[in-house]
Structures are given as structure tokens and as C-alpha cells.
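Assemble the complex: chain A is given as a structure, and chain B must be docked to it using the hints.
There are 2 protein chains.
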Amino acid sequence: MVKYPSGSSAAFRKSSDKPKKRKKYVHKDDINFSDRGMTLEQMINESNKYYLTKEIAVVHKKPTPIQIVKVDYPKRSRAVIKEAYFRQESTTDYNGVYKGYYLDFEAKETKNKTNFPLKNFHEHQIIHLEQCLKQQGICFTIIGFTALNRYFVTPASAIIKAWWEKDKSSVTIEEVEEWSIEINCGFQPTLPYLEAVDQFIADRKLNNGKQKL
Amino acid sequence: MVKYPSGSSAAFRKSSDKPKKRKKYVHKDDINFSDRGMTLEQMINESNKYYLTKEIAVVHKKPTPIQIVKVDYPKRSRAVIKEAYFRQESTTDYNGVYKGYYLDFEAKETKNKTNFPLKNFHEHQIIHLEQCLKQQGICFTIIGFTALNRYFVTPASAIIKAWWEKDKSSVTIEEVEEWSIEINCGFQPTLPYLEAVDQFIADRKLNNGKQKL
Chain A
8 MVKYPSGSSA AFRKSSDKPK KRKKYVHKDD INFSDRGMTL EQMINESNKY YLTKEIAVVH
68 KKPTPIQIVK VDYPKRSRAV IKEAYFRQES TTDYNGVYKG YYLDFEAKET KNKTNFPLKN
128 FHEHQIIHLE QCLKQQGICF TIIGFTALNR YFVTPASAII KAWWEKDKSS VTIEEVEEWS
188 IEINCGFQPT LPYLEAVDQF IADRKLNNGK QKL
Chain B
8 MVKYPSGSSA AFRKSSDKPK KRKKYVHKDD INFSDRGMTL EQMINESNKY YLTKEIAVVH
68 KKPTPIQIVK VDYPKRSRAV IKEAYFRQES TTDYNGVYKG YYLDFEAKET KNKTNFPLKN
128 FHEHQIIHLE QCLKQQGICF TIIGFTALNR YFVTPASAII KAWWEKDKSS VTIEEVEEWS
188 IEINCGFQPT LPYLEAVDQF IADRKLNNGK QKL
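Listed in order, the protein sequences are those of chains A and B. Count along the first sequence starting at 1, add 7, and that's the number in our numbering. Count along the second sequence starting at 1, add 7, and that's the number in our numbering.
In isolation and in its complexed conformation, chain A is listed as follows (with noise of 0.2 Å):
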């Protein structure tokens, strides 16, 4: 049973969930920019309305799929909905074009410090994930690790790989940092999540395009 979509959870955050402020002065040259209370998600918003504006690529957060029962349509207002639930999602969060390359992601962070727990990832998500890189999409995962305010890039496959691994319910962020491409936390975007995508096109042209991500 779904009892709210994956993903998506920061609108109904209560206040008490929200990351700490910082507690001590952070010189200019140190912005830690998931201090400043950013979520990945919003991170990832930012920084796609970046590319976006500047016409480097055209991605997109998908809207959380909702299952409508009642919408009243009362006279001179806009349509309420006055009964709804949430969907199960069948795709990831993000896609989009960059180059005429089609990219697929999804985004997922931890407070942990040495392990990212699999879990965070669904099943339909790493069908999807297969599913487009059978298409030959550049499919990969954001994962941050907010404690320690790095964030990496990491090729799907490699998730698709542990993830479908008997008895591994996580993965140690020494094996994200072997697989993935870290990306360190700007201004203009947020998060330059396109310098790894960059390597993936790089590597797929050395590799005369057998797929390899």
C-alpha cells in the first residue's frame, strides 16, 4: 500500500524534519550548500532551471501520478479536488535531452555516513532504469550523502547490479566512490550533475558505443 510517493515527501515534511541550521559561522569560500536547508531534490530543481535557462538541456522533474476520485467545480473558481490519491510510480523521477542524448535519473540522499541503504531504491525504479538503458539512455542515480554534504553520480547499471544482489542491503560509500563521479556543490548550477553525464558521453565514445553505463 502506498501511503505517500517516493520521492516526494518534501512538501509534506513537518518542520521538525527539516535539516539543522548551521550552528557556526561558514566563511564565504566554504558555502556548504546543503547547510543553507536545500534538500537534494530542490538542488537538483535549481540546478535543471539553470540548464534549462541557459539552454545546456532540457530536464524535468516528473509530477507525483495522483488517482482522482472527486473534483468539485465551484462557480468563477478554479477546479478543487476533493478526493485523490497517491499513485505508484512506474518511472523515475527525472528525465530529459541534453546533446540528443536521453538521460534518466533518480535521486535519492542519506544521512548516513558510511553506507547508502539499497531500500531507498524501488523495484519499478530499477526496472526503468534497465528498461531505458536497453534504449540506450545515459540512466544513472544521484545519491548524497547530506552528513557529509558529497554527492556522486553513479552509472545505473552499477546500482541495477547491487541492487539485484542476494543479502546486500546496502552499499559502502567506498564502493559509491569507486563507481561513481563525485560532484562537488556550486552556485550557478547547484549541483553541475551534467559534468559526470559529460564522462558517460566520453566514455561511451571511447568505447565506440557499446554500452558500458
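Everything labelled a hint here was simulated from the structure, so no lab data went into it. One should not assume that every hint holds.
Copies of the same chain look alike in the list, so a pair counts if it fits in one copy or across any two.
To be verified - Cross-link-like lysine-lysine pairs, in silico, DSSO-like; alpha carbons within 27 Å at most:
id, residue 1, residue 2
1, Lys173, Lys141
2, Lys118, Lys212
3, Lys89, Lys68
4, Lys175, Lys126
5, Lys168, Lys115
6, Lys173, Lys126
7, Lys126, Lys69
8, Lys168, Lys61
9, Lys126, Lys82
10, Lys69, Lys89
11, Lys68, Lys118
12, Lys212, Lys106
13, Lys89, Lys120
14, Lys118, Lys56
15, Lys168, Lys56
16, Lys77, Lys115
17, Lys141, Lys115
Frame of chain A, contents of chain B only:
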């Protein structure tokens, strides 16, 4: 003011709006799929399901964006959205990946037999198609003349050009014929629109990767 989202009114359609049932016996070989009560959206969704199952392409309809205001979490049952509003979309309804190509399209149907009113496309859809074209996506529209049971896959560039023309409120069916690839309804998939996409890809290769769509 958004009363309901474009292209998604099917769910709230009154029964009186449903396509009329066929009046006379139609021979098996002449099965008319639009007469079977399928909207263009349903035909595309069925085709996408077929393409996905056969591992031919991964294309999904994007969920309708909803602004959620109030959610109840009853004990021992799933969350219920009690107040929400339709939000303006910022993209087209469909995108996905096929043979490494990014696909992006919008589908519209009309009961008109001679013209297709351009107001069926909204400005945000036209702008989104322009943005995706700049990223070398394969962008198009599927236009259904339901009264004629004729379906056209039209390169986005043609529709964009017509849409921005002053004093042009519609395109004639002759113009649509000239610009488009006509698709015949089938059984599996119901609307084999990738046949047109194959031709767009071939055209692009002929033009040495130059943007033609």
C-alpha cells in the same frame, strides 16, 4: 486560470461526451479503432504499453501536475488528499527513449474534418518543443482527426512555425497531410507512431545530423 489540465480531461469526461458507438456493422477487416470508444490518448497509451513490453521503446505519459494543499493520514489506511488543485504543466504530455533517441511529443484530437485549430496547443507546449529541438530531441505532434479516423505524426517544427504565425488560427487538413506522416491504426500497436519516428531518424541521418525536424 486553469480549470483542468490540457489533454487529461478524459478522466472527468461526462458519459455524453464519449465517442458515439458505431451505428452499423463493420466488417472485421475494416475495424475502426476510434469507433471502439478509444480516445487518442488511450490509443497512444496502449501503443506505449506494447512498445514497452516488446522492449522497443520506453515512452510514458507524464502525470498531471497537482498542487497538494491538504492530506489526511487515516489510521490503518492510505493517505487521502483532501484539497488539491490542477497546476499549469510546463512540458508536453509524452517523452521517452527509442534507440538512443530522445522522443518528445504532444497528442491532440479534433472532431473537425477540414481544419485543426491551433489553440489546441498551448504556449508552454510549443516552447517546450522548441527547447527540446535545440537539444536535438525528436519532437513531434500526433494529430487525430477522429471523425475521419485519420492520424498524423507531424514534425514539431512545422506546428511551431504555424503556431507563431499571426492571424493563423488553424491549419488545414491539406497542410497537415503535406507536413506529416500518416499512421494507420492497427491492432498491436494500436497506433504504430514509431514508424513515423523511424522515418524522421532516417531523414536526419541523410542530412548528416543537421536538424530537420
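Hints and how they fare:
1. Lys173 x Lys141: Answer is within; shortest intra-copy Cα gap is 23 Å, inter-copy 44 Å.
2. Lys118 x Lys212: neither (36 Å within a copy, 48 Å between copies)
3. Lys89 x Lys68: both (25 Å within a copy, 24 Å between copies)
4. Lys175 x Lys126: within (10 Å within a copy, 53 Å between copies)
5. Lys168 x Lys115: within (17 Å within a copy, 40 Å between copies)
6. Lys173 x Lys126: Result: close within a single copy only, 13 Å intra versus 54 Å inter.
7. Lys126 x Lys69: Answer is both: 21 Å inside a copy and 25 Å across each meet the 27 Å cutoff.
8. Lys168 x Lys61: Intra 35 Å, inter 23 Å, cutoff 27 Å: inter-copy only.
9. Lys126 x Lys82: Between copies only: 24 Å across chains, 46 Å inside a chain, cut-off 27 Å.
10. Lys69 x Lys89: Result: close both inside a copy and across copies, 22 Å intra and 22 Å inter.
11. Lys68 x Lys118: within (23 Å within a copy, 33 Å between copies)
12. Lys212 x Lys106: Both, since 14 Å and 16 Å are each at most 27 Å.
13. Lys89 x Lys120: Neither: 42 Å inside a copy, 38 Å across copies.
14. Lys118 x Lys56: Result: close within a single copy only, 26 Å intra versus 37 Å inter.
15. Lys168 x Lys56: This pair counts as between: shortest inter-copy Cα distance 25 Å, intra-copy 32 Å.
16. Lys77 x Lys115: between (32 Å within a copy, 25 Å between copies)
17. Lys141 x Lys115: Within one copy only: 23 Å inside, 29 Å across.
Consistency note: the structure conflicts with the earlier hints numbered 2, 13.
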